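Undergrad: Sequence:
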Amino acid sequence: MITPRFSCTQTDASVVVTIYCPSVRAAELETHVEDTLLTVHINPYFLRLNFPGRIVEDENSSGEYNPTTGYLTITLTKNVKGEEFKDLDLLAKLLAPPPSKARRSEPIIEVLSSEAMEDGDSLVQKTQNLSLEQQEILEAAENDWRLPQAVPEALPPLETSAQRLYGFLNLHSGYFTHVEHMENEVNELGKDAEACPLEERRRRRLRHEDEKWDEEHYMADLAEDEYIQELIGWQHTHATTAGHGYSEDEQLVMLRLPRKEYLATDTQTHDLYLTLLSLLFSYAYESRTTQRDPTPESAWTICSLTPAFSALDPPPYPTSFPQLPKDGHIARFAVAELASTFTASYRRALAFPLYRSWALAEACRLDVSAFLTGGKRTVTRCLLEMKHILDHHDVYYVYSKIWVDDFCTWVQAYAIDEVLEDLGKCVKSLHMEKAMIGWDLEELEEAVREAAQREPDSDDESAE
620 MITPRFSCTQ TDASVVVTIY CPSVRAAELE THVEDTLLTV HINPYFLRLN FPGRIVEDEN
680 SSGEYNPTTG YLTITLTKNV KGEEFKDLDL LAKLLAPPPS KARRSEPIIE VLSSEAMEDG
740 DSLVQKTQNL SLEQQEILEA AENDWRLPQA VPEALPPLET SAQRLYGFLN LHSGYFTHVE
800 HMENEVNELG KDAEACPLEE RRRRRLRHED EKWDEEHYMA DLAEDEYIQE LIGWQHTHAT
860 TAGHGYSEDE QLVMLRLPRK EYLATDTQTH DLYLTLLSLL FSYAYESRTT QRDPTPESAW
920 TICSLTPAFS ALDPPPYPTS FPQLPKDGHI ARFAVAELAS TFTASYRRAL AFPLYRSWAL
980 AEACRLDVSA FLTGGKRTVT RCLLEMKHIL DHHDVYYVYS KIWVDDFCTW VQAYAIDEVL
1040 EDLGKCVKSL HMEKAMIGWD LEELEEAVRE AAQREPDSDD ESAE
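Each residue of the sequence shown is one higher than the last, beginning at 620 in this note's numbering.
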């Protein structure tokens, strides 16, 4: 079945679904309305939409097909007149399956039968038949339960396979089975990507960052930063204006996104928001350095700056910043966990790409704050642009499959605007310290300033 292009609008009393399905027989149209679900089938197209409110099919409902334009228009009545159906422009949210019904978490106990209390002789006989361990338990019960005790050793996790999961909610595997035969320059795990545990991924990532760190490159960019200052002064469109409505190309991409129900726990959801920060930071850096005109290196830049891509190592990361309050929280997110997330992004922004500047990294962080404040529509638009860049690369498209596709769907269907706005405020107020990076940035910058002060003196002496 083919999912057709469609759009949804609403009035005070109804919802209007416009579906593009050219060259079909209107007589074969089948529709079904149940609670919040609308199902449309007209060969070869199939569409199922899950609305945020209840709809009904009554005498005010209608369906009209225009064979000239190929558009089918279905009008359905709202169960509650005047109710506003939010997010009708978020197609992935409408296409997402309805949430599963809550399951009973506590066990259900059913008494199948009961027996009368045995007499004393029967109990004595059963006691004599007890095992030695069971008799010791009975004796201990008579002696105030003073059994010999020892702290049990923690059992190692049971591993039934050498293969490890990765990607969005650890849903993926097998994408790097033959990675040694691919020209994947950002993969820091090599042929071990499929079997490398998370701890080892993190160790390799940190080691690779230390190896790629170049003091001279950083000092040179600081000494001659005219072009970098131009990049810092550039304003991102998504950071200054909130977009309204998606283009036709964006809608077509959203129709091809995975349609999944993500059963994430509260902890997993929290971690997804943190991972979203690192993705948006990489997108912000690429956008600033190309001014939203992607180059053949754009996909490499995004992947190199994102730990979840290059090392399959998403947040959260261990925090070791004693200068930050341990119990300090800004809304839903701890200061330390936000700092550790951006520390990983800053380190990569200072070690891998062409322009390596602390001030540029700070500007990208403020871009991330602006994207989040714009809500899930702005965030989705950023992710769609990132997806477009990755999808058009013959190697790095794999990171779109294991991360960005799912994030595009999840943000539209599950992210909450209030949480994104709250997170945006957290990111904006976050104070990043250069000491967090671990590469003596302050000492290097002081050396550059001292060298700059000495240069005029040497020029004056040569002039004399």
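These are computed hints drawn from the structure, not numbers from a lab. Treat the hints loosely; a few may be bogus.
Straight-line Cα separation of at most 25 Å, SDA-like style, residue types lysine to any residue; simulated pairs [stated by the list, open to error]:
| no. | residue 1 | residue 2 |
| --- | --- | --- |
| 1 | Lys705 | Asn669 |
| 2 | Lys1020 | Cys1045 |
| 3 | Lys879 | Glu1037 |
| 4 | Lys700 | Ile661 |
| 5 | Lys1053 | Ser959 |
| 6 | Lys1044 | Tyr837 |
| 7 | Lys879 | Ile661 |
| 8 | Lys810 | His1011 |
| 9 | Lys1020 | Gln848 |
| 10 | Lys1020 | Thr914 |
| 11 | Lys705 | Glu647 |
| 12 | Lys1053 | Glu1037 |
| 13 | Lys1044 | His855 |
| 14 | Lys1053 | Thr914 |
| 15 | Lys700 | Thr650 |
| 16 | Lys1044 | Lys831 |
| 17 | Lys831 | Val872 |
| 18 | Lys700 | Asp677 |
| 19 | Lys1020 | Glu804 |
| 20 | Lys831 | Phe971 |
| 21 | Lys1053 | Tyr837 |
| 22 | Lys831 | Gly672 |
| 23 | Lys1047 | Arg911 |
| 24 | Lys1053 | Gln848 |
| 25 | Lys1053 | Val872 |
| 26 | Lys810 | Thr650 |
| 27 | Lys831 | Arg667 |
| 28 | Lys1020 | Tyr837 |
| 29 | Lys1044 | Val872 |
| 30 | Lys1020 | Ile847 |
| 31 | Lys831 | Ile661 |
| 32 | Lys831 | His855 |
| 33 | Lys705 | Val872 |
Now the in silico label distances, taken between C-beta atoms and shown as ranges [said to hold, decoys possible]:
| no. | residue 1 | residue 2 | range |
| --- | --- | --- | --- |
| 34 | Lys700 | Ile1035 | 53 to 63 Å |
| 35 | His1050 | Glu649 | 57 to 67 Å |
| 36 | Pro935 | Asp1010 | 22 to 32 Å |
| 37 | Pro717 | Asp677 | 32 to 42 Å |
| 38 | Arg878 | Asp677 | 26 to 36 Å |
| 39 | Tyr1016 | Ser681 | 51 to 61 Å |
From a predicted model like this one, the values you see are computed outputs, not experimental measurements. Even glycine gets a Cβ: it sits at the ideal position worked out from N, Cα and C.
Undergrad: Enumerate the violated hints, using their earlier numbering and listing them in ascending order.
TA: 2, 4, 6, 9, 11, 12, 14, 16, 17, 22, 25, 26, 27, 28, 29, 30, 31, 32, 34, 37, 39
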